[in-house]
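Student: What follows is each chain in one-letter form.
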Amino acid sequence: MVMIICITSKGPKSFDLVEERFGRSPYFLFRDTGKDDFEPVANKFADAAGGVGPRAAQVLVDRGAKVLITGNVGGNALSVIQAAGIEVFRYRDGGSVEDAFQKYQKGLLEKMA
Amino acid sequence: MRVVVASGKGGTGKTLVAANLAAVVSGSREVVLVDCDVEEPNLHLFFPSETKTLPVLADVPVFDQLRCDHCGECARTCQYGAIVVLPQKNLFFPEMCHGCGGCEITCPQGAISMRKREVGRVEFSRPRCHLTLISGVLNEREVAAPRVIREALLYAGGHPLVICDAPPGTACPLVETLEGADYCVLVTEPTPFGLHDLSLAAGVADVLGVPAGVVINRSMGEDGMVREFCRSKNIPVLWTIPFDRRIAELANDGKLLADGVPGIRELFLGLFAKVSGRGEPGA
Numbered sequence: 001m002v003m004i005i006c007i008t009s010k011g012p013k014s015f016d017l018v019e020e021r022f023g024r025s026p027y028f029l030f031r032d033t034g035k036d037d038f039e040p041v042a043n044k045f046a047d048a049a050g051g052v053g054p055r056a057a058q059v060l061v062d063r064g065a066k067v068l069i070t071g072n073v074g075g076n077a078l079s080v081i082q083a084a085g086i087e088v089f090r091y092r093d094g095g096s097v098e099d100a101f102q103k104y105q106k107g108l109l110e111k112m113a
Numbered sequence: 001m002r003v004v005v006a007s008g009k010g011g012t013g014k015t016l017v018a019a020n021l022a023a024v025v026s027g028s029r030e031v032v033l034v035d036c037d038v039e040e041p042n043l044h045l046f047f048p049s050e051t052k053t054l055p056v057l058a059d060v061p062v063f064d065q066l067r068c069d070h071c072g073e074c075a076r077t078c079q080y081g082a083i084v085v086l087p088q089k090n091l092f093f094p095e096m097c098h099g100c101g102g103c104e105i106t107c108p109q110g111a112i113s114m115r116k117r118e119v120g121r122v123e124f125s126r127p128r129c130h131l132t133l134i135s136g137v138l139n140e141r142e143v144a145a146p147r148v149i150r151e152a153l154l155y156a157g158g159h160p161l162v163i164c165d166a167p168p169g170t171a172c173p174l175v176e177t178l179e180g181a182d183y184c185v186l187v188t189e190p191t192p193f194g195l196h197d198l199s200l201a202a203g204v205a206d207v208l209g210v211p212a213g214v215v216i217n218r219s220m221g222e223d224g225m226v227r228e229f230c231r232s233k234n235i236p237v238l239w240t241i242p243f244d245r246r247i248a249e250l251a252n253d254g255k256l257l258a259d260g261v262p263g264i265r266e267l268f269l270g271l272f273a274k275v276s277g278r279g280e281p282g283a
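Chains as they are written, first to last, in the working numbering: chain A, 1 to 113; chain B, 1 to 283.
Derived from the structure by calculation, the hints contain no laboratory data. In this text the structure is predicted, and so the values were computed from the model without any measurement. Nothing false has been slipped in among the hints.
With a straight-line Cα cutoff of 27 Å, these simulated DSS-like cross-link-like pairs (lysine-lysine) come out:
| id | chain 1 | residue 1 | chain 2 | residue 2 |
| --- | --- | --- | --- | --- |
| 1 | B | Lys-89 | B | Lys-116 |
| 2 | A | Lys-106 | A | Lys-10 |
| 3 | A | Lys-103 | A | Lys-10 |
| 4 | B | Lys-89 | A | Lys-111 |
| 5 | A | Lys-44 | B | Lys-89 |
| 6 | A | Lys-66 | A | Lys-111 |
| 7 | A | Lys-44 | A | Lys-13 |
| 8 | A | Lys-66 | B | Lys-89 |
The following block holds chain A by itself, in its conformation from the complex (with noise of 0.2 Å):
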């Protein structure tokens, strides 16, 4: 089954690190499994003084994403994300956006949410 996974990253590319904060994460990479590429967005809500995880999950929402792979999610994000049927897998090794791809499809990844 094709479908969307958002990773939260450091950077725009897939070599950049997770972010482990999903609200505040620099960039949003998203991949569609049928393809090979991941497309970035940057989050531009990064810096904002409140308010980010809703807003975060917005773009997640608006782009039918279906998993989501980050360090840690807040609870008023996480009530967005479970309302709207996306899964949260935790990725903490430190790695790269890659990294935490490669991990997901081979099922190694813990599932928060």
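Once you have looked at the hints, place chain B on chain A.
Tutor: Just chain B now, with coordinates in the frame of chain A:
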């Protein structure tokens, strides 16, 4: 006349100055003291007394699910991340809502109306015979500090002498407190951090057109940096409170200084004379 005691940096002695100024001045005239530090109001500690309470209500949106077509315009309008629109339903986070009403205005379907929700309260007391204390209290987890400050100030509106204890920082809550005031007393401490935030707070007062003067608290005698800053900005140094263990001990015990530091009553009266000479409308 409305006087605001502000600082920028927290812990410089705003509340100490506001409480003692109000207490001393209330010896000879009516004073309304307003605690605008609604996230952590503490003036009442100096004036324990029976209080009466009124709720502070803010607007929050209600979504008409029959009219809503989940277009997402409300979520794009909201600057506070309080609304998320899913394909089949909307999620609303009331504690993140600032009650601006933007979502109601921009909804193309007319599916949003506003209702009232309690975000805080205003407490009233009469701790001394010429002193009324009005304290704004923001409920925990809430963000609508300016809403509560506005309401607390509303009840003090028009009184001949209002002294406000401002919130720390230089963001919306300070702007709400300072806007329209006649004079701003900036309490600072002679440290680099104190000076840094003093310069920010002085900038806010300047932008809002409120004349300001500085009180240096915990002075070790020289205060060169602060005085140099005040000279360069043409801001008067109104008073210097020496670094004195008795003052710290009394304040920590929630006591007023006039009750334990000889001669300090006259110094506070002197401060008030300077403030009213500069801030009294028509002065």
